Every structure is written in C-alpha cells, then in structure tokens.
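Trainee: For reference, the chains in residue letters:
Number of protein chains: 2
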Amino acid sequence: MIRVTIIGSGNVAQHLIQAFSKTAAVELVQVFSRQPKAVSDLVPAAKIISDFSKLQTVDAIIIAVTDNAIAEVSNQIPLEHQLVAHTSGSVAMEGLSAKNRRGVFYPLQTFSKSKAVDFKVIPICLETEEATDFKMLETLAESISNVSYKVNSEQRKALHVAAVFVSNFVNHLYQMGQDICTENKLDFEILKPLIQETAHKILTLSPKEAQTGPAKRQDTETINAHLSFLTDEHQKEIYKLLTKSIIDNGKKL
Amino acid sequence: MIRVTIIGSGNVAQHLIQAFSKTAAVELVQVFSRQPKAVSDLVPAAKIISDFSKLQTVDAIIIAVTDNAIAEVSNQIPLEHQLVAHTSGSVAMEGLSAKNRRGVFYPLQTFSKSKAVDFKVIPICLETEEATDFKMLETLAESISNVSYKVNSEQRKALHVAAVFVSNFVNHLYQMGQDICTENKLDFEILKPLIQETAHKILTLSPKEAQTGPAKRQDTETINAHLSFLTDEHQKEIYKLLTKSIIDNGKKL
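Chains as they are written, first to last, in the working numbering: chain H, 40 to 292; chain X, 40 to 292.
Calculated from the structure, these hints are not laboratory results.
For clarity, every value in this text was computed on a predicted model and none was experimentally measured.
Ideal placement from N, C-alpha and C gives every residue a C-beta, glycine not left out.
Just to be clear, a hint being listed does not mean it is correct.
DSS-like, lysine-lysine: derived pairs with alpha carbons at most 30 Å apart [stated by the list, open to error]:
id: 1; chain 1: X; residue 1: K283; chain 2: H; residue 2: K154
id: 2; chain 1: H; residue 1: K279; chain 2: X; residue 2: K196
id: 3; chain 1: H; residue 1: K231; chain 2: X; residue 2: K154
id: 4; chain 1: H; residue 1: K290; chain 2: X; residue 2: K224
id: 5; chain 1: X; residue 1: K290; chain 2: H; residue 2: K196
id: 6; chain 1: H; residue 1: K275; chain 2: X; residue 2: K275
id: 7; chain 1: X; residue 1: K247; chain 2: H; residue 2: K255
id: 8; chain 1: X; residue 1: K152; chain 2: H; residue 2: K291
id: 9; chain 1: H; residue 1: K279; chain 2: X; residue 2: K283
id: 10; chain 1: H; residue 1: K159; chain 2: X; residue 2: K255
id: 11; chain 1: H; residue 1: K152; chain 2: H; residue 2: K93
id: 12; chain 1: H; residue 1: K231; chain 2: X; residue 2: K174
id: 13; chain 1: X; residue 1: K231; chain 2: X; residue 2: K154
id: 14; chain 1: H; residue 1: K255; chain 2: X; residue 2: K224
id: 15; chain 1: H; residue 1: K189; chain 2: X; residue 2: K275
Covered stretches of chain X, as calculated for chain H (at least 3 residues, CB under 8 Å) [what the hints assert, rightly or not]:
id: 16; region: 159-169
id: 17; region: 194-200
id: 18; region: 237-245
id: 19; region: 266-280
Please build the complete structure, drawing on both the sequences and the hints.
Mentor: Next comes the structure, spelled out in structure tokens:
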C-alpha cells in the first residue's frame with residue numbers, strides 16, 4: 040500500500056483525492072488544505088490538516104496547488120529527503136525545494152469541479168530526480184490510470200502548451216460556435232454531434248487527413264461569404280487568422 | 040417507399056448513398072456521376088448514369104456536389120416541378136433552378152471518405168418552398184437519422200460558419216498540438232484523452248462553464264512562458280489572439 044498525502048483542495052487535488060480514495064493500492068494519509076471545507080465531503084475530518092507542522096512522512100507528498108504557490112508550499116514542508124511531487128504542466132521539477140527528493144506527477148486532463156472524470160484513461164506524465172522514486176510514482180500512477188509516460192520538464196512544458204491549443208483554445212471555439220447559434224436563434228445542440236465526431240475522427244485519422252472545410256479547399260467564395268456574414272470583430276479576426284493558417288499549412292505539404 | 044436519386048459522387052454523396060442503401064424506407068433509383076468509378080462499389084452499375092437526359096422523375100433528387108456546381112447542375116436537370124434539394128451548408132435554397140420545387144437537405148457533419156459515420160446521430164437541416172415537400176424531406180431525413188431541424192437559408196449560413204469554428208478550426212488546433220508534440224519528440228497519443236474529454240465536457244457543461252487554462256485564469260506568467268516557448272510565428276500569433284479573446288470574453292461576464 041502506497042502512503043500518500045495531498046496538499047491542496049482545488050480541481051486537481053479534489054479529483055486526485057477521489058481517485059486515490061477508490062483504489063486499495065493507496066492509503067490517503069493526510070490532506071493539507073487552508074480551506075478544510077473544500078474537501079470535507081471527500082476526506083474524514085481527522086485526515087484534514089491546515090498546519091504544515093503536522094505533515095507526516097509518507098511515500099509521496101503530492102502538491103496540487105496553483106503554479107505560483109508551488110515553490111512556497113514546498114519550502115514550508117518541514118520534512119527532509121521526503122519524495123515531493125507537484126502536478127503542474129508548466130512548472131519545472133526544480134521549482135520544488137531541493138531539501139526533498141523531487142518529482143512531477145502531472146495528469147494531462149481538463150478538470151472541472153462539477154464533472155466527474157475517468158482517471159483510468161488520463162495519461163499521467165512522470166519525472167523524478169532519482170530512479171527509485173520514478174518506480175514509486177509509476178506504481179502510484181498505475182494504481183489510478185492505465186497510461187503513464189516519462190516526460191522531462193522541457194517536454195512537459197511543450198505538452199502544456201500543446202494542451203492549451205487542443206483543449207483551452209478548442210473549448211473557446213466551441214463557445215464562439217455557441218455564440219453564433221444564439222445570435223441566430225439556433226439550438227447549440229445541432230452542433231454537438233459535429234463536435235463529437237471532429238474529436239473522434241483523430242483517433243483513426245491524423246489531423247492533417249481529417250481536415251475539411253472551405254480553408255482546406257481554398258474556397259475563397261465561401262470564405263468571403265463567411266467573413267461578410269460575421270459582424271463581431273473578434274470572430275472575424277479569428278476566422279481570418281485560422282483560415283490563413285490552414286491555407287499556409289496546405290501549401291507546406 | 041421514398042424514391043430518391045442522388046447527383047454527385049464526392050464525400051457527402053457517398054455517405055448518403057450508403058445511408059439510403061441501408062434503409063428499407065428508401066429506394067435509391069439512380070446515382071448521377073461524371074466519374075462512375077467513384078460510386079461503382081456502392082451502387083449497381085445499372086443505376087449509375089452520367090447523362091442528365093436519363094434522369095427519372097422521383098420523390099426527391101438530392102444534389103450533393105460542390106457549392107460552385109449546384110446552380111449549373113440544377114439547371115441541367117431536364118425535369119420540371121420535380122422536388123430537388125441540395126446538401127450545402129452555405130448555398131441558399133434559391134441557388135437552385137426555379138423550374139423545380141426547391142429544398143435543402145443539409146447533414147451537419149464532417150465527412151471523410153475513409154471514415155464511416157453513424158448517420159443516426161447526424162442532425163439534418165431541412166428547408167423547402169412548399170409545406171408538403173417539407174414533410175417528404177422530413178420523412179427522408181428520419182429514415183436515416185434521429186434528428187432533423189427546420190432551418191432557413193439565413194440560419195443555415197450561420198450554422199455553416201459556426202461549424203467552421205467548432206470543426207475545421209478545432210481540427211487545425213489539433214494539428215498544431217500534434218506539431219508541437221512532434222517538435223518535442225512527444226507522442227501525440229498523450230493528448231488524445233484530453234481532446235476527447237474536452238469535446239465530451241460540453242455535453243454536460245456550457246463552453247463557458249467548461250473553460251479552463253491560463254487565459255481563463257488570466258495567469259500572465261504562464262501565458263508569457265508559453266509565448267517565449269513557441270518559436271513558430273504562426274503558432275505564436277494564434278496563441279496570442281485566442282488568449283486575448285478568452286480574456287476579453289471573461290471580462291464581458
């Protein structure tokens with residue numbers, strides 16, 4: 040049984056607490072939170088602490104807090120040579136205090152508090168200073184997920200940027216689609232099967248093979264009709280830039 | 040049994056031929072194609088024609104050709120008062136020749152030749168000049184799909200623009216994600232669960248509720264780190280514009 044403590048009570052922390060609580064391979068020893076209420080539904084009160092001095096030595100402490108707070112939180116841990124990993128996509132492993140054995144346990148997923156996730160399919164990106172610690176984090180990752188990857192800090196930074204493109208920006212485009220529907224008294228439901236199929240397609244085709252639409256076909260007439268249809272300057276600017284990018288991309292082939 | 044003829048042999052035509060061939064409610068009478076080979080695997084040779092003069096009167100002729108060719112093809116049909124519908128998202132119903140009863144039969148989906156689709160979940164957007172023809176197209180739509188909508192030409196234009204945002208542009212962002220992975224020796228597989236979950240989320244949350252990431256949090260430090268990480272000017276420009284759009288959008292609330 041792997042003994043784990045989590046520091047934090049935000050989205051990622053909550054989802055990890057739930058995942059670890061479900062697996063017999065892990066004993067969730069403590070949860071550190073400055074807002075004990077945020078996790079009181081998930082963890083017995085006796086395990087919730089808000090005083091760093093109460094932190095016990097465990098197999099791994101997982102820091103799941105906002106990027107800016109990682110360094111400070113890791114400095115406050117009153118332990119030494121303890122394996123401490125953060126869950127951030129964008130902070131280097133060296134962002135953690137050097138007094139402990141450092142690692143990264145980065146679940147690559149978009150977490151919303153109000154939506155349950157299936158941890159089994161979430162890739163967990165791992166990095167450690169020491170090889171034995173890697174084994175430990177790998178076993179921990181495999182206790183909740185089917186997929187883990189060894190990813191160094193530089194690669195993780197790339198992955199985080201890529202994730203912004205394929206998730207945050209994509210979701211924003213969904214919103215623009217919804218806005219256009221609303222403006223034209225159309226039910227956003229009409230677009231949902233298309234959205235699902237677009238995501239589903241890249242499981243069997245590369246994005247390059249899957250690309251369709253007026254920009255791909257260099258169909259200037261439709262592109263111009265769309266641009267004169269759009270009245271919102273934001274939407275217009277994004278339409279122009281992404282269309283240009285798809286056309287330029289086609290030329291590169 | 041609804042007697043239907045399809046004109047065209049591209050992506051949409053092929054998927055419609057397959058869907059109509061599977062349902063007992065429809066008799067596929069003829070397929071007009073200038074490239075008979077393109078459909079020879081899908082339709083008995085005797086039903087394939089490439090001479091407009093051979094077109095028979097049926098319940099509905101579906102023109103599934105590129106937008107630019109719709110007007111000309113509809114002019115070439117040597118029939119009158121025949122129900123003729125096109126499948127385009129961006130061409131007005133009036134783009135069809137007025138000598139026939141006009142309609143639109145627009146399946147809102149992204150079709151790739153090499154990927155099968157489940158027509159049952161594809162919304163079909165319908166429009167006709169005459170009410171009785173609407174019933175006919177509606178019955179035809181319901182023979183292959185669970186969802187059909189009444190959508191006028193102006194709304195259909197909006198829908199097509201919205202579809203470009205949530206499908207064509209989204210797929211292009213997938214490709215940028217893949218490019219970033221490749222440049223950093225990362226397996227694009229790592230991103231696929233995130234892509235699926237991002238699409239899945241909006242089935243239960245609105246895009247606004249589902250939005251996460253550094254732009255949403257106005258996390259300038261991470262945004263700047265990402266911008267200095269990106270070296271490709273295209274990627275940088277798109278990152279900047281979409282980040283700005285997410286931030287501005289947050290301010291609107």
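Trainee: When I compare C-beta atoms, does the region 237-245 of chain X have three or more residues closer than 8 Å to chain H?
Mentor: holds (count 9)
Trainee: Has the region 266-280 of chain X got at least three residues whose CB is nearer than 8 Å to a CB belonging to chain H?
Mentor: holds (count 8)
Trainee: Holds or violated: K247 of chain X and K255 of chain H, Cα atoms, limit 30 Å.
Mentor: 28 Å, holds
Trainee: Against the 30 Å threshold, does the CA-CA distance of K279 of chain H and K196 of chain X hold or violate the hint?
Mentor: 17 Å, holds
Trainee: With the threshold set at 30 Å, check whether the alpha-carbon distance from K189 of chain H to K275 of chain X stays at or below it.
Mentor: Holds, because 27 Å separates the two Cα atoms, which is no more than 30 Å.
Trainee: Between K279 of chain H and K283 of chain X, is the straight-line Cα distance small enough, at 30 Å or below?
Mentor: Given that 30 Å is the threshold and the Cα spacing comes to 15 Å, the pair holds.
Trainee: Between K152 of chain X and K291 of chain H, is the straight-line Cα distance small enough, at 30 Å or below?
Mentor: The hint holds at about 23 Å.
Trainee: When you check the alpha-carbon spacing of K290 of chain H and K224 of chain X, does it fall within 30 Å?
Mentor: 24 Å, holds
Trainee: Can you take a look at whether the region 159-169 of chain X is actually covered by chain H? Rule is 3+ residues, C-beta closer than 8 Å.
Mentor: holds (count 4)
Trainee: Mind checking the alpha carbons of K159 of chain H and K255 of chain X for me, to see if they're no more than 30 Å apart?
Mentor: 27 Å, holds
Trainee: Holds or violated: K290 of chain X and K196 of chain H, Cα atoms, limit 30 Å.
Mentor: Cα-Cα ~28 Å, so holds.
Trainee: Can you confirm whether the C-alpha distance between K231 of chain H and K154 of chain X stays at or below 30 Å?
Mentor: 19 Å, holds
Checked against the numbered hints given earlier, this structure breaks none of them.
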